[in-house]
Amino acid sequence: MNYVYLLKRLVYMLAAVLAVSSAVFAITTLVPGNVANYILGTGATEERVAQVEADLGLDRPVHVQYLDFVGGVLTLDFGESFVSGQPVSEMIWPRLIRTLQLAAVAMTISIVTAIPLGIVAAAKRDTIVDQLVTTTSYIGLSVPSFVSATLLLLLFTSPPLELFPRGGYVALKNGVIPWLHHLLLPAIAMNTVILAYVLRQTRSSMVETLESEYIRTARLKGVAESKVLFGHAFRNGLLPTVTVLALNFGWMMGAVVIIEEIFAYPGVGEMIIQAVDSRDLPVLQAAILVPTIAFIIANFVADIVYTLLDPRITLGE
Amino acid sequence: MTTQRQAERTEQETLLEVDSVDVNFEVPDGQIQALRNVSLEVERGETVGLAGESGSGKSTLAFAIVRYLDANGWVDSGSIRFDGMDMLSASTEQLRSVRGNRIAHVAQNPGSSLNPSMRIGKQIRESVELHQNPDSKAAANERVYEVLDQVDLPDPEGMAERYPHELSGGQQQRAMLAVGLSCNPDLLILDEPTTGLDVTTQAKFLDLLEELKSEYDAGILLITHNLGVIAEIADRVNLLYAGEMLESGPVESVFTDPANPYTQALLATTPEMDADKKIRPIPGQIPELDDIPPGCIFADRCEYATENCRTGEVPMETVDSATGHESRCHYWSDVIGSTAELETETETERTHGEAVMTIDSLRKYYDEGSLLTNLLTDHDPVKAVNDVSLTIHESEAVGLVGESGCGKSTLGRTLLKLHEATGGSIRYDDRDIDELSRSELNEFRSECQIIFQDPEGSLNPSRTVREILARPLKLFTDLGAEGRAERTEELLGQVNLGANIVGKKPHELSGGQQQRVAIARAFAARPSLIVLDEPVSSLDVSVQASILNLLKNLCVEYGTAYLLISHDLSVIEEICDRVAVMYLGEIIETAPTSQVFEPPYHPYTRALLSSIPLLDPETETDRIKLEGDVPEPRDPPTGCSFHTRCPQKIGEECEQSDPSLEDVGGGHCISCHHDTTELDQPIENQKHDDNR
Amino acid sequence: MATDTSSQTESDRSPIPPVVWRLLSNRRVVIGLVFLVPMFVMAVLGETIAPHDPTNTNVQMRYDSPGGKFLLGTDHLGRDLLSRIIVGARTTLLIGFGSIALALAGGVPIGLAAGYAKGRTDELLMRLMDIVISIPTLLLGLLILAVLSSNVINVTLAIGIVYAPRIARVTRSATLSASEESYVMAAQARGESNTHILFREILPNVTSPIVVEGSVRVGYAIMIGTSLSFLGLGTGPPTPDWGFMIAEARDHIFQTPWFLVWPSLALLLTVMATNLIGDGLRDVLDPKETGDSR
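For the record, the sequence lines run as chains Z, U and C.
Residue numbering for the first sequence follows our numbering, beginning at 1 and increasing consecutively.
Residue numbering for the second sequence follows our numbering, beginning at 1 and increasing consecutively.
Residue numbering for the third sequence follows our numbering, beginning at 1 and increasing consecutively.
None of these hints come from the bench; they were simulated from the model.
All residues carry an ideal CB built from backbone N, CA and C; glycine is no exception.
Any given hint could turn out to be false.
Partial list, derived from the structure: chain C residues whose beta carbon lies under 8 Å from chain U [said to hold, decoys possible]:
| hint | residue |
| --- | --- |
| 1 | Arg22 |
| 2 | Ile49 |
| 3 | Ala50 |
| 4 | Asp53 |
| 5 | Ser149 |
| 6 | Ser182 |
| 7 | Tyr183 |
| 8 | Gln188 |
| 9 | Ala189 |
| 10 | Gly191 |
| 11 | Glu201 |
| 12 | Pro204 |
Next comes chain Z alone, as it looks inside the complex (with noise of 0.2 Å):
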């Protein structure tokens, strides 16, 4: 492991964070219609506004409001909640573990399920079982996942099928089960997409792989089909796939919104709607900024991985 290149990841990363905080800070108070607005709603009084906007430290200069921003940010200050008065850090915090541990499950069932599906499908090429993966991913890519919510609590909620609960959250302490139970059917929801995403990119670029010139050379040296899936195919062909899982993060990250409002989920992304649904602009900022940062960190984890599992890449350049 190269340091050098570590540290220079590490500090394009901090980078990366820094200027997506300064992007929702300029969103949210430099575009027109301007935040006291937002708050108040268009009809309001300019004594109001100016009020508002004194009480928020809005009428300092932008500069000084950008820094104080981004160092909150840097030092997870997000200020306090318009409509609790609460520290907004404090809010989100537990809401972040529940929808991180949603995502995670989320993520399990996709690489579960998508890449031995992929891996087969690649190496079953144009079969049968190949046309039945494809076409089954196929109609899965097309649904957003508010349908697929909205139609697995229709089936699974009520009788006939009463198998799941229509929402909420039992945290892990109280048993493995509840909590599973509870997480199932919005981690099922929120894969139809990614899941099918995951599967085509393992697919192609198994198939890419199957057909490269070195697998040609392993089957020429004699090697049996099973060893050439795994022992020549797997580790290059599922390269791509580590990239794609962090994209997935990023996809689920936003996601989360849908589902957590769909299934009364407290995580992060019910958060998110409440706070644009109150015009809570220090939890809207913060709820957008964390995900966002969690979807960083987990590309900067996916380039890790990956150069570790590809010798080509030397960590040095």
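Position chains U and C relative to chain Z; hints supplied.
Below, chains U and C without anything else, positioned relative to chain Z:
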């Protein structure tokens, strides 16, 4: 030796017997017959060459032998027997126990044929473990090290731990060979083993093969487009053309007395070093596989052909039953009788004028690194061109030769202001090209043109030939639409293309046609200097010759100066008046073309010359082996850049001081610490065995 | 010879370029068009072909099942579902295709400039794009719409901003490899201007990956657009809109599943059709590419 081998032939067992094989492929528009009625034999201990141009079906035959045709291809008729076993009816199990074990297929492109994420040692050990049942992993590793050592890879234990991308191209090729040899195969199939390697690397690889032939008693099927390689190493040769075998026999007879017009034409079209032969292009093109003419496949391009050749099947006829020399031609006896017809070239002395371009101490460095990289790591720029001085005169053709990565293309591009020079000066028409005004720059652009290696890439795929040729005329001439159309037609005529191709797009043309269009474009505005960057190296040899002749004629017709960049000295010799030899970003020798091939030599040039395989199988070359690989251009050696590999290295002097180009007489300049007499001496073939 | 040239010119001007034929003989494109063309017809004609007024409420007829007076049934306010779906197609397609058109308009020039300039410019532009990409798509859309007011134009704009950097990335990498080709260097050797090289030499040769990328993104853009309106950040009532219909249906799924099923099906078929066409385009235009990143 030849007679001895012939005596042995009858006793020897036939290892591989390909008999009247047809291979078909299913393509969107129907079926194509990629191989038709192809027969070939390989005996134990014998090296059989399979030669042919691209698209002739050489690799297809190799894959048919190991039963690894693409899913849309199959052996339609005929038989393939390997050591008594019918390969075509073999079960998957049988095939698996033969492949890699008794038949080793060494694919071309070693870079992509080795698994990028598996260590070299493991890739070899895998074969050993599959087929040899070694007692332990240690025993298997023993064999891995042994075979790595046999293919001349340094430090076998260390090498086994490396990944493919950590090896140079030549080393990767050796590693592929090691995989193939690991199980002591009976038959070794080498598919274009030296294509893509530099001549000196190729020479080392061929020497290695020669040594291994005596250690392993395997039969070798050597597939290549390079006739020199076959002449060098094979015992017998088979010539494949558009899917049909046209001639086969012992290398000596086929190369000295070809009995097939195709072989004869191919030999006549291949440029040869230091032979005063006038290369003769083969007219026409290889027939498309979906449109095979009846009768003889070569008839359309053959000077012996009669009506008789265009109908009915032409059988393989025996030329000499004792040696097994056969030819698929009705008129083989006429062909054999006419071999001496090769014209010799009359040297035309051309007068050269003033200097058009003067380069002085030019440097071009790449990848100087960002601030962050330089702070965090030791970062050296790539010194692609390092202190080069060269003058090109009016209507003079200067050749620039060197191996890949020596900086020759960078030099050519920097001259045309396509790259910004790092240091030094380039003067065109006695003006510094960095100080040209806008209109002067435009004039410079119209006067200096470039032709690239990859003809398809150099033509915009979304333009028609008409648009491609109109562009320079629009930019550099005052011609109106009418005048441009006329000039376009004239240009196409000059490059021997019909005017009917003006509406076509590049992908509808053959490689040779594309390069002609690129040449026409370069000449459109009547330039005074053209940089030709490997203009023929991506073309088949039969096409190569006609392009070379065309370039030669145009050079005279237009009085244009050339800077011809090539890795191939025989190509340069064909066209150029003067040669500059480049090594690691520096010019180490310049001389009038004829003098480069005579002593005194720069030690590097001498090695380069001795590395080129000759067409004449009877000439024994005394090859000079260069040690190691070309050093990194990021960190070139101190002193003379060649001292790390020089067989004539004197000592500390070479390591410390950089010699300069000095005239040794008649405009022949050499950059070496030796004096002329020492460079004249033949060097005894030093340390031939110590790196095995 | 003169006749030869003229016939050549004629075939150049043939009204239907061969690529269209290749597209129309691609199975995926055909299936995709079979579904997408009716959607477009619905979007364009809207109210004129709708059997009922899509906004007309009729409390007596609420939760009507399909097959009666109302072909696909009614919603909780007794509005005709078929008419609402027909009229709702307009918003959905407008957002999907409009936002990608915007993304192309913004992303292609940026990608071209970055890929051709290389070096610092490239670095700067692409880092900027990376920032936008590192915000999850739906969150970025949400953030923009939380600040701007929600209407069709702003939704389209927001999704356009979300996807422009992705278009820029694809354009850049295609430009980067195209500018390595020697025909670009040949143009430089002729002293062509940068604009000529970018728009006349490079652009015509990078359209395939850009078109493929754009068409694949349409499906995602539709998903994001309907997701936003599902969350109440879309065009809002009374304009019918599939995403909002599904949001409304959620509260009534146990009274009538059809209310949920029809808009979901319409949405699914539309997204699938655009995906099929996108993949078909890739098969035809860019056969080497097998996958892309989100």
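To see whether the hints hold, each was checked on the structure:
Interface hint status for Arg22 (chain C): violated, as the beta-carbon distance to the closest one in chain U is roughly 11 Å, over 8 Å. For Ile49 (chain C), the interface hint is violated, since its Cβ never comes within 8 Å of a Cβ in chain U; the closest pair sits about 41 Å apart. Nearest Cβ of chain U to the Cβ of Ala50 (chain C): about 45 Å, over the 8 Å cut. The hint is violated. Interface hint status for Asp53 (chain C): violated, as the beta-carbon distance to the closest one in chain U is roughly 51 Å, over 8 Å.
Of the supplied interface hints, the one on Ser149 (chain C) is violated, with its beta-carbon coming no nearer than about 43 Å to a beta-carbon of chain U, more than 8 Å. The beta carbon of Ser182 (chain C) is positioned within 8 Å of a beta carbon in chain U (closest approach about 4 Å), and the interface hint is therefore held. Given the 8 Å rule on beta carbons, the hint for Tyr183 (chain C) holds: about 4 Å separates it from the nearest Cβ of chain U. A cut of 8 Å between beta carbons decides the hint on Gln188 (chain C): the least distance to chain U is about 6 Å, and the hint holds.
A distance limit of 8 Å between C-beta atoms decides the matter here; for Ala189 (chain C) the minimum to chain U is near 5 Å, and the interface restraint holds. Of the supplied interface hints, the one on Gly191 (chain C) holds, with its beta-carbon coming within about 4 Å of a beta-carbon of chain U, less than 8 Å. Look at Glu201 (chain C): its Cβ gets to within about 6 Å of chain U, closer than 8 Å, so that hint holds up. Given the 8 Å rule on beta carbons, the hint for Pro204 (chain C) holds: about 4 Å separates it from the nearest Cβ of chain U.
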